[in-house]
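K.L.:
Just so you know, the sequence shown maps onto residues 1 to 123 in the numbering used here.
These aren't lab readings, by the way, just hints derived from the structure by calculation. All values derive from a computational prediction rather than experimental measurement. All C-beta atoms in this analysis are idealised placements derived from N, C-alpha and C, irrespective of residue type, glycine included. Some clues are possibly wrong.
[As the list claims (entries may be wrong)] Distance ranges between label pairs, derived from CB positions:
id, residue 1, residue 2, range
1, Glu77, His24, 52 to 60 Å
2, Pro37, Leu58, 26 to 34 Å
3, Ile86, Ala51, 46 to 54 Å
4, Asp95, Val67, 36 to 44 Å
5, Ala51, Ile89, 50 to 58 Å
6, Pro16, Arg46, 39 to 47 Å
7, Ile56, Gln91, 49 to 57 Å
8, Thr74, Arg110, 47 to 55 Å
9, Thr27, Thr74, 55 to 63 Å
10, Gln114, Glu85, 52 to 60 Å
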Amino acid sequence: MATDLPPVPGPPGAPPQPQRVCPHCSTVSQTTARDCPFCRRSFHRRSNTAAIVVAIALGAVATVGSVTALLAATADEVDREINSEISTIQQDIEDEVARAQRQIEAEVRRLREQLPASGLSAP
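With the hints as extra help, turn the sequences into a complete structure.
P.N.:
Here it is, written out as structure tokens:
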């Protein structure tokens, strides 16, 4: 928006001309025209609201996209870690079952060896 300065008195009987400062070339002029008499550009600045809104919208879209990609990558990593832990636990359980099975078989053999010594027959 143009900066309006106090009017400068003109010839007697003529309406005073306002002093205006061009926002583009910073020249002070006494005119009622819409354009600066020096650089021929408008005294009024154009609004950048649309450009700002578009920039904010693009920034928001980029942010949401980045966060989505980050969450997807994190979810994949968590899924891999969970699968690895599950595999480890399954292997531990299989090892424990095999150990328990070996202990049971060893105990059964020991008990069978004791049966003939006590005079009982094995089925």
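K.L.:
Now tell me if each hint is right for this structure.
P.N.:
Hints and how they fare:
One distance hint, 52 to 60 Å for the beta-carbon pair glutamate 77 and histidine 24, holds here, with the actual separation near 54 Å. In this structure, proline 37 and leucine 58 break the distance hint of 26 to 34 Å, their C-beta atoms being roughly 39 Å apart. In this structure, isoleucine 86 and alanine 51 meet the distance hint of 46 to 54 Å, their C-beta atoms being roughly 52 Å apart. In this structure the hint that aspartate 95 and valine 67 lie 36 to 44 Å apart at CB holds, the actual value being about 42 Å.
A beta carbon spacing of about 56 Å between alanine 51 and isoleucine 89 agrees with the range 50 to 58 Å that was offered as a hint. Here the CB-CB span from proline 16 to arginine 46 is close to 28 Å, at odds with the stated 39 to 47 Å. Our hint of 49 to 57 Å for isoleucine 56 and glutamine 91 holds, since their Cβ atoms are close to 52 Å apart. For threonine 74 and arginine 110, the Cβ-Cβ distance of about 53 Å falls inside the hinted range of 47 to 55 Å, so the restraint holds.
Evaluation of the 55 to 63 Å hint for threonine 27 and threonine 74 yields a pass: the beta carbon distance comes to about 58 Å. For glutamine 114 and glutamate 85, the hinted distance range of 52 to 60 Å is not satisfied, since their beta carbons lie about 43 Å from each other.
Hint compliance for this structure: hints 2, 6, 10 are not met, and every other hint is.
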